[in-house]
Amino acid sequence: MTTDAAARRGSRNLWGDAWLRLSSNRAAITSMIVLAAMVLFSIFGPWLSPHAFNTVYRSYIKVPPSLTAYPQPQDIQEIMTRTLRRARVDIQTIDVNGDRLSLGIASEQEISLRVRDILERVDDFSDVTITSGSSDSRQMSLEMTITRQLFLFGTDSNGRDILTRVMIGGRVSLAVGILATLVALLIGVSYGAISGFIGGRVDHVMMRIVDMIYALPFMFFVILLVVFFGRDFFLIFIAIGAVEWLDMARIVRGQTLVLKRREFIEAARALGVSTSRIISRHVVPNTLGPVIIYMTLMVPKVILLESFLSFIGLGVQEPMTSWGVLISDGADNIAGAIWMLVFPSVFLAITLFCLNFIGDGLRDALDPKDR
Amino acid sequence: MTQDHIANRQPPTPQGLLHLASLAFAVVLVLAPILAGAQSVYHRGNTGEPETLDQHITSTTYEAHILRELYEGLVAQNAKGEVIPGVAQRWDISDDGRVYTFYLRDDAMWSNGDRVTAGDFVFSLRRILTPDTGAKYANILYPIEHAQAINKGEQPPDTLAARAIDEGTLEITLRDATPYFLELLTHQTGLPVHPPTVQQHDKGFVRPGIMVSNGAYTLKEQIPQAHILLEKNPNFHDATNVSIDQVYFYPTEDRGAALRRVIAGELHSNNDIPDEEVAWVRENHPEILRTATQLGTYYYAVDHTVPPFDDVRVRTALSMMIDREYLTEEITGSGEVPAYGFVPPGIGNYGEPAYASYRDEPMIDRIEKAGELLREAGFGPDNPLQVEIRYNTSENHKKIALAIADMWADNAVQTSLLNTDVATHYGYLRDGGAFNVARAGWIGDYNDPQNFLFLVQSDNQGFNYAKYNNPEYDRLMDEAAQTIDLEERAKILYKAEELFIRDLPYIPIYYYVSKSLVAPSLKGWEDNPPNVHPTRFMSIE
Amino acid sequence: MWRYIGRRLLGAVPTVFIVITVAFFMMRLAPGGPFLLDRPLPDQIMENLMRVYQLDQPLWVQYTSYLKNIIRGDFGPSLIYRDFTVAELIAGGLPVSIQFGVSALLIALGLGTLLGTLAALYQNRGGDYLVMGVATFGMTIPNFVVAPVLSFIFGIALGWLPTSGWGDGTISYKVLPIICLMLPQMAIITRLTRAGMIEVLRSEPIRTAHAKGLPTRVVLTRHALRGAILPVISYLGPAAAALLTGSVVIETIFGVPGIGRYFVQGALNRDYTLVMGTVLLISVFILLFNLLVDIIYSVLDPRVIYDD
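If you read the sequences in order, they're chains X, V and R. Counting from 112, one number per residue, gives the positions in the first sequence under this note's numbering. Counting from 12, one number per residue, gives the positions in the second sequence under this note's numbering. Counting from 504, one number per residue, gives the positions in the third sequence under this note's numbering.
Any given hint could be a false lead.
[As the list claims (entries may be wrong)] With beta-carbon atoms standing in for the labels, derived distance ranges:
1) X:P176 x V:G357: 18 to 24 Å
2) X:S177 x V:E294: 53 to 59 Å
3) R:D546 x V:G276: 46 to 52 Å
4) R:D546 x X:S177: 52 to 58 Å
5) R:V652 x X:L151: 58 to 64 Å
6) V:E336 x R:Q557: 28 to 34 Å
7) X:S177 x R:H713: 43 to 49 Å
8) R:V564 x V:G443: 21 to 27 Å
9) R:D559 x V:D489: 27 to 33 Å
10) V:E483 x R:I574: 28 to 34 Å
11) V:E406 x R:V652: 35 to 41 Å
12) V:Q425 x X:V457: 29 to 35 Å
[Claimed, not checked] With a Cα cut of at most 16 Å, we get these calculated EDC-like pairs of lysine to aspartate or glutamate:
13) V:K231 x R:D671
14) V:K506 x V:D538
15) X:K173 x V:D286
16) V:K163 x R:D546
17) V:K380 x X:D228
18) X:K173 x V:E363
19) V:K163 x R:E550
20) X:K173 x V:D213
21) V:K502 x V:E294
22) V:K534 x V:D256
23) X:K173 x V:D485
[Unchecked claim] For the chain R half of the interface with chain X, some residues (derived, Cβ under 10 Å), not all of them:
24) F657
25) G716
26) V802
It should be emphasised that the hints constitute simulated quantities derived from the structure, not laboratory data. A virtual CB, placed ideally from N, CA and C, is assigned to each residue, including glycine.
Same shape as in the complex, but just chain X (with noise of 0.2 Å):
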């Protein structure tokens, strides 16, 4: 019905068009609240958040998710034991009341006023006090607060919270994804598009470039820009944009070879359209469906990508990270750590449940066949 009557008003241009029947599909437009809300998660995410993303907390390497602070009571003695060890006292009491803790401690040696420093120290334990010692300093009793921490995704193996990272990862990644996607679809449509519709001797040479690039070792080509250029955030999108283009181009100039001989092209060329005004005003309008889809293809390839690009030393370097490197570390940790693997992944997955119908939508939006 809203197409009937935008067609009807015929004056409408492509684009206004094209959001009038997008905002009428509700997976779609589901998808896009999700997607800004993951957005605005990555963005003000890691503000809100109590623990920054590179804050190490030494006593709690890998702890599960939890939607109890740490320490748990279990935790507490062991973190006392492994953090009194080394100066020699044993632990005889702990007593923990609510934020409080009591700790009674004793020594074959006399108990150095040090202990206090050495508990102060300690993420975990703050307003240290030494409430009564015996008189052969052998004995000691020590009052403090505890300070809890809530790691609802868990830590990693340096004791990071996995949300934080996760919110700060998706900063890195949402951006290389869309943009670098972006970058390729503009150079891959244009390319391909220009490629097909022109041919013969131009399309043979501009194609047989994309193969050399396809075959070149891009390994290679990742080091030398890192040697050359020095780590640069900015290369992330030189090294991915450089690779991820091929594909497009391939898939528009496919579809351009089969539309440049039907009917409305032409005609258009008969009532001699300039060529760069069919091209862009026919011809890629025309390949929108296919690129729309590989466009959310694209994203999670991208994704992934940078990952393989932080293991050469481009892309994002430690403490710093992204999905891709997230994964990639949960990977290693399947057996033991699995939730260092889920968070990503999820997050990484709903981003693309969200951009498939978003693409599906603007597809059947964009359709010219229905105008």
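With chain X held as given, fit chains V and R onto it using these hints.
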């Protein structure tokens, strides 16, 4: 199994009987396992695809595991990794420690029935030292007189001071007394080749069906990246005591996959395990996990030519602040030992390493003292020290760098990390590139402190990443090389290590531990520091 | 058409030449070297090695002698796997990789087009969402995660298949690696087919065919699929070349003796001759497959004509 194989093994028979004989032989081959009970087959996971099976070109430990099964050197190693007589039944050492006379056993045979002679060893030693062989480990034999000059191409190989007095007696003269010479000979480079085969096939002598070996096993099949199959050598002098009939070596590049294969019972052992899964295995499959201290040190090199890292106070402060106990217990967690000296404890010809003085001090005091040192060097919260750690990409190196960066932050040191692929990393270090702090590790080739301390001699280009240059250190190392008395030598080396720990060209972090998976059905696998596990001493239940 | 194919094959020669040249110098510009891995070598030893492998000569001399050698069909010895020549390594692994690649490709193509068509027919209904959900999942989860999980489930938990390894090369060792290779391709083909199909189903000729009363099956296979599969074909050119030359992740996790690992290991180890061998191989594959794709275009859609 294959026609070729049967043909190779058949005894010479008159033409007419050939077919019948091979048929009978085939029947025997098929029936033998059934008659004699099942064959004992050992499925052995082994880090990676060997780069070569040529004992003179080899350089990796996973090649050594295979080569030691195939060949036996003058000396060998038992299940505990100790030196035992090999082809040489006994040996004499001259009083000045320079002349070794080896008496070869007369029942040592090649797999084709030839006797293993002193001449074979002379041929082998000359071959590895010939420059055109391109031997990566030729330098391990440099203690033999003239070896270095030959390897440089300055002298012909036949001038090597190794000569066959008769078929069964070999005399090797050394440049200097080298108390660890027998240890050197246990390295895979000391294994002999069968001269006629090498002369006939040149580099191709390593192929199944061509290779003639003198160890407990022979090479039967090699499918690159899939497996290498070894079969018991009936001509081996101790064959009656070899219980396992066949050994499959699998290149288990993916350590996670190797772990699954051991759990599923597809492999009897694997000589590595993913660092990340050690804790999980310890909890869920403790019976298959084996760890043993190894002669190796994980360290951070510090560039002595880049200010402010040329300041010993800065280096000492950085070293003091590393809580090695925390690193080994919480971050690596496979039983690694905190390293406060550079030479691993328990090494031969040496006592306890020269440990840093702060080894036993509580962390809190060390952090305070380190802060003091940094302040003296001009750094503090207002003017924080900036450090960049270079490392080659790996989950383990990353974790350690992150944890150390966090420890250094205790005194406001700001650390950034830079990872590259392994070739770029070591290429950069070898080319003398400037850096702050760079990760590296060293696993000893032989059981002697010299093999660790020589790394930072000033003339040791290529190894001395730190560009450490201390004439006193060099002098001590030279002096040790000239000293025959082992105790005296150990004292001199200890002094050198004291200098090392004072100057810290490398900040030692931990001593490596070897991690293996061994199925309970595999008997005779003994954990040992050289991490050597010859199949001939093992059996399968 | 034959003239076109002939011209394309002729054009492949300079293309491969340029690829070899660029790759050669790119590779040699990168830091590191084949004998510069984690264990340092003394200078003397390094000199011997460089001389034995002629790496001590000026770069252009090495380049011209490399070119001369490949024209004679000699790819040189591998610098890392020193018992083998590059030709032997590739000849040993390529059949395995091709076998896996072809199997994965055919299954992915068959299942992908089938699922994609079904999803298009039931657009925006339960079946569609189910298929698309599975496909999205298949694309999201990288194979370095899928492979260990499947290996654990089928090898350890259920015990139906070997966890990994090559064994005697029987089918039970091939099932899991082929599935892992196939899954992401199937997901992509499914999505591309669905999109193409939806588009074609709405087009005039198909509506006409339906109106004429042709059975749905005939309309789909004879007419719709031809047009719908075009983007899939475009995608498959390079994808097939990549699949047939193996996958480093799948091969290392499952211990498959293919050549996929040589692409990555060769580069990481700076095994110069092996890298050049793989580059040559992949460029030939890419050129052949893209030619094949262009031929299929004109077979599927006679309107596609290649002219000058």
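Violated hints - listed by number, lowest first: Checked against the structure, the hints that fail are numbers 1, 2, 5, 6, 7, 10, 11, 14, 18, 20, 21, 23, 24, 25, 26, while the rest are satisfied.
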